[in-house]
Structures are given as structure tokens and as C-alpha cells.
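Student: Now for the letters of each chain:
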Amino acid sequence: MIFKKNPSQEDYYEENEEMMPEEEAGVEELSEDNIDTVVGPSMIVEGDFASEGNIVVKGTVTGSVCTSRNLTVEEGARILANVKAGSANISGEVRGNIKIKDYLELTATAKIIGDVEAKTIAVEAGALIYGKVTMPGVEKSELRAAKAMRGRNKRGSKMLDMDDIDDAED
Amino acid sequence: MYVYLYDNFLNHRKYTATIKTIENRLTDYGIAGKILHLNNYIDVKPIIEDEIRRGAKTVVIVGNDLTFGHVLSRGSTCDAVFGFLPIGPNNTVAEVLGIPVGVGSSDILARRRKEKLDVGWFNNRYFVSQLHVPPAKVRVVYDERFQVTTPYKMEVVVCNFQPFFWKKDKKDLEDRVVHPQDGKLEAFLRPYVKKGWWGRESEDPSVFPFEEMEIIGSGPFVVEADGKKTKEVKVKIRLARNKIDMIVGKERRF
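Just so you know, the protein sequences line up as chains A and B, in that order.
All letters in the first sequence, in the order written, are residues 1 to 170 by this note's numbering.
All letters in the second sequence, in the order written, are residues 1 to 254 by this note's numbering.
Read the hints as simulated data drawn from the structure, not as lab findings.
Backbone N, C-alpha and C fix where the C-beta goes; we use that ideal spot for every residue, glycine too.
Be a bit skeptical, because a hint or two may be false.
[Claimed, not checked] On the chain B side, residues computed to face chain A include the following (Cβ under 10 Å):
hint, residue
1, Asn39
2, Asp43
3, Asp143
4, Glu144
5, Phe146
6, Tyr152
7, Pro191
[What the hints assert, rightly or not] Listed next, the in silico BS3-like pairs over lysine-lysine satisfying Cα-Cα at most 25 Å (straight line):
hint, chain 1, residue 1, chain 2, residue 2
8, B, Lys14, B, Lys116
9, A, Lys58, B, Lys137
10, B, Lys153, A, Lys58
[Unchecked claim] Far from chain A, by Cβ distances over 12 Å, these chain B residues were calculated:
hint, residue
11, Asn11
12, Val140
13, Gly219
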């Protein structure tokens with residue numbers, strides 16, 4: 001499991017006993033990171049939990065969680081931390097802000113208490129979200145226009161209320 | 001020049017025929033050499049260093065997993081190429097290295113296909129196959145960044161060459177195997193959860209790849225590394241890269 005493989009080295013045979021001359025140190029090529037980090041159901045992880053591979057959480061994590069790949073939070077798992085991941089599949093509870101680079105999926109048993117930011121979100125019926133949801137792709141000008149519209153609607157509804165009061169008095 | 005380190009158990013007559021066949025084959029290949037017999041009281045490191053001073057280039061371990069761990073945990077700092085001829089039962093490391101058990105291993109040795117291997121380091125010692133902490137009240141700190149705890153007793157296994165075998169429960173007939181992955185040191189943590197009034201059962205293991213790890217116990221706990229048991233209160237485990245130059249086979253698992 002901790003073996004360095006020189007990519008330029010091919011299978012070879014030696015006829016004599018002399019050692020091969022030391023090869024130049026090539027670029028250390030780590031194999032693809034297929035190792036999943038798994039946090040079992042009764043495990044409690046505290047601190048800055050970061051991994052280069054996929055993370056599967058079945059237990060409890062507090063602090064912060066960070067991975068560039070996939071994060072899976074299984075049903076019954078709890079994360080009391082801010083989360084940063086490439087993609088995520090959440091079926092458990094997350095109390096903290098979530099920042100996902102690509103795809104976020106929330107299943108029916110998911111419960112999110114915190115802000116969510118993701119490129120793509122899929123929410124199954126039954127999932128609970130309490131917080132701000134932000135997605136890239138909305139232009140600033142559209143945001144300003146939406147705010148202005150909300151402001152006008154509020155003023156409009158106030159004026160209507162005043163009219164109703166005046167009519168009632170009459 | 002080749003030096004062969006024979007384990008004690010090979011003195012038994014049931015291995016005589018296999019050893020004779022291997023020795024004849026090695027002579028045919030032209031790689032026969034000096035034979036030294038080990039026992040539990042011999043320190044391997046000064047022997048290897050002596051032989052290297054006399055001109056030995058390759059040190060070949062002849063035996064099983066215990067022999068492999070015993071020799072390499074002490075001899076990994078020596079400047080030599082290591083080979084392995086697995087004989088008899090208890091040979092799981094050979095499969096990982098792609099070396100067949102028995103007579104076929106001499107062909108692998110003759111081919112001399114070398115790979116640089118990493119070893120684990122803990123408390124001023126090296127371990128090659130596996131480090132095992134039987135269930136104890138411990139907590140694990142990874143890379144000084146986060147810690148893993150559990151309210152129950154926990155078993156810790158850090159695998160290097162030797163695969164990790166475990167059973168889901170008593171009724172589980174199949175032995176589950178987790179093979180070591182390339183380029184990483186991995187720890188498997190299994191808490192022993194309370195079941196019913198008296199019983200305990202082990203949960204599915206948690207997996208954490210790491211570079212540096214500390215196991216801290218609330219009291220002394222047993223640590224077994226390459227067949228040797230010690231009692232520690234704190235264990236620091238690190239990865240030592242490219243420590244061993246090893247002759248391996250084509251069917252290796254990395």
C-alpha cells in the first residue's frame with residue numbers, strides 16, 4: 001500500500017548479480033486517490049477533518065469537513081460543522097454552512113440547518129432546509145432587479161392597506 | 001553475493017524436501033549463497049551489516065510472514081536489496097508481493113524485479129507488515145488536525161503489506177479482506193459496541209488514510225507489530241518512504 005512505482009520502469013530481467021545503477025528520481029506519481037475515508041456509526045470526529053478522497057460519514061463529525069471529491073452523509077449521521085466538498089449526497093443531519101462545487105443531492109431524510117451554496121441542487125420530497133440557498137448563474141443585475149421589485153411590492157401593499165383603512169373609516 | 005536467512009521452523013523435516021529443491025534451483029540459476037539460521041535470540045541487524053561489509057548485495061529472507069516482519073523491521077535501514085522465499089503456512093505477505101509460496105519463489109528471485117517499498121515507523125521502530133492494537137480505551141489523533149474517539153473500546157489496525165481480514169459477525173462465513181492500497185498508510189478502526197446485557201460485537205471498521213497518526217490510551221495498551229508485542233501509553237505512527245529495495249513478482253498487488 002505504500003509503494004512507489006517509477007512510471008518509466010518496465011518489467012526487466014537481470015542476467016548478472018550486479019545491481020542496476022540508480023535511476024534518476026522521477027516525478028513521484030501517486031496512484032489515483034480511490035481511498036474512501038469512512039467514519040463508522042459510533043465514531044466521533046472532532047477537528048478539521050480533511051481528506052483528498054471520498055468521505056463517507058455514518059457517525060458524528062464536529063469542526064469542519066473538507067474534501068475535493070464526494071461527501072456522503074448517511075441516514076442517522078450528524079455533521080455539526082461547515083462543509084466544503086466537490087459533490088455531496090446527504091441523507092443525515094448537517095448543522096452548518098454547506099459549500100459544494102458541483103452537485104448536491106438531498107434525500108428525503110436530509111436535514112440542513114445552515115446556508116447552502118451549490119452549482120446544482122436536487123432535493124427529494126421530505127428533505128428539510130433552514131437557511132439561505134445560493135446558486136451561481138444568477139447575474140448581479142438580476143439580483144438588483146429582484147430586490148427592487150420586492151421593495152415596490154412592499155410599498156404597494158402598504159398603500160393598499162392605507163386605502164382599505166380610509167375606506168373603512170368612510 | 002547472496003545471503004540467505006533461514007527461519008528456525010524450517011529445521012523441521014517436513015520442509016526438507018522443499019528446501020532441497022529450492023537450493024538446487026538457486027544453484028542452477030547461479031544465485032546460491034551463504035546460509036544463516038536465525039532464532040528468536042539473534043538480532044538480525046548486526047548480522048546483515050556484517051554480511052554487507054563482507055560483500056553481500058542481496059539478503060534473502062526464507063520463511064513466513066513472521067520471519068519477513070522480524071527481519072525487515074530491524075534490517076530495513078541496511079543498504080541491501082531484499083528478497084523473499086516464502087515457505088510453509090502463514091504466508092499472506094507473499095501474495096501481496098506477487099511471490100508464489102514454495103519452489104516457484106526462486107524463479108521470482110532470479111528475475112530480480114525490484115521495487116522501492118515504504119515502511120511504517122512507530123516509537124523509534126519500523127514495522128513492515130501490520131501494526132495491531134487489540135480492543136482498548138484509546139483515542140486517535142490524525143496529522144495533528146483532528147481526533148477520532150468512541151465511547152467504546154476500539155481496535156486499531158494499521159496495514160502495510162499484510163491485508164486486514166475481518167468478519168462482520170459470528171454468522172458471517174466469508175472472510176472479508178481489505179487489501180492495502182498504493183501510496184498510503186491506512187488505519188482501520190473497529191469499536192466494540194455493547195450488545196444486550198453481556199455481549200459485545202464489533203462494528204464495521206472505519207477507514208482513515210493518513211501520513212501521521214497518534215494513538216493515545218487512557219492507560220497502557222498492547223501494541224503488536226510484526227509479531228512482537230509491547231505495552232505503550234502513546235504510539236506515534238508515521239510513513240517512511242522508499243525504505244526498502246525489494247525483489248517482487250509480476251503478480252504483485254500494486
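Student: Look at each hint and say if it fits the structure.
Tutor: Hints and how they fare:
1. Because the closest C-beta pair between B:Asn39 and chain A is about 28 Å apart, greater than 10 Å, the hint is violated.
2. Among the interface hints, the one on B:Asp43 is violated; its C-beta lies about 26 Å from the nearest C-beta in chain A, farther than the 10 Å criterion.
3. Interface hint status for B:Asp143: upheld, as the beta-carbon distance to the closest one in chain A is roughly 9 Å, under 10 Å.
4. For B:Glu144, the interface hint holds, the least distance from its beta-carbon to any beta-carbon of chain A being 9 Å, beneath 10 Å.
5. Hint status for B:Phe146: holds, given a least beta-carbon distance of 3 Å to chain A, under 10 Å.
6. At its closest, the beta carbon of B:Tyr152 sits 6 Å from a beta carbon of chain A; the interface hint therefore holds under the 10 Å criterion.
7. Here the hint on B:Pro191 is kept, as its CB sits about 5 Å from the closest CB of chain A, short of 10 Å.
8. Restraint check: the Cα-Cα separation between B:Lys14 and B:Lys116 comes to about 34 Å, which exceeds 25 Å; the hinted pair is violated.
9. At most 25 Å may separate the alpha-carbon atoms for a hinted pair to count; A:Lys58 and B:Lys137 meet this at roughly 21 Å.
10. Our distance criterion of 25 Å between C-alpha atoms is met by B:Lys153 and A:Lys58, whose separation comes to about 18 Å.
11. Distance check on B:Asn11: its Cβ is at least 28 Å (rounded) from any Cβ of chain A, clearing the 12 Å threshold; non-interface status holds.
12. Separation of B:Val140 from chain A is inadequate, the least Cβ-Cβ distance of about 10 Å not exceeding the 12 Å criterion.
13. A cut-off of 12 Å between C-beta atoms confirms that B:Gly219 is not in contact with chain A; the least separation is 20 Å.
Hints 1, 2, 8 and 12, counting from the list given before, are not met by this structure.
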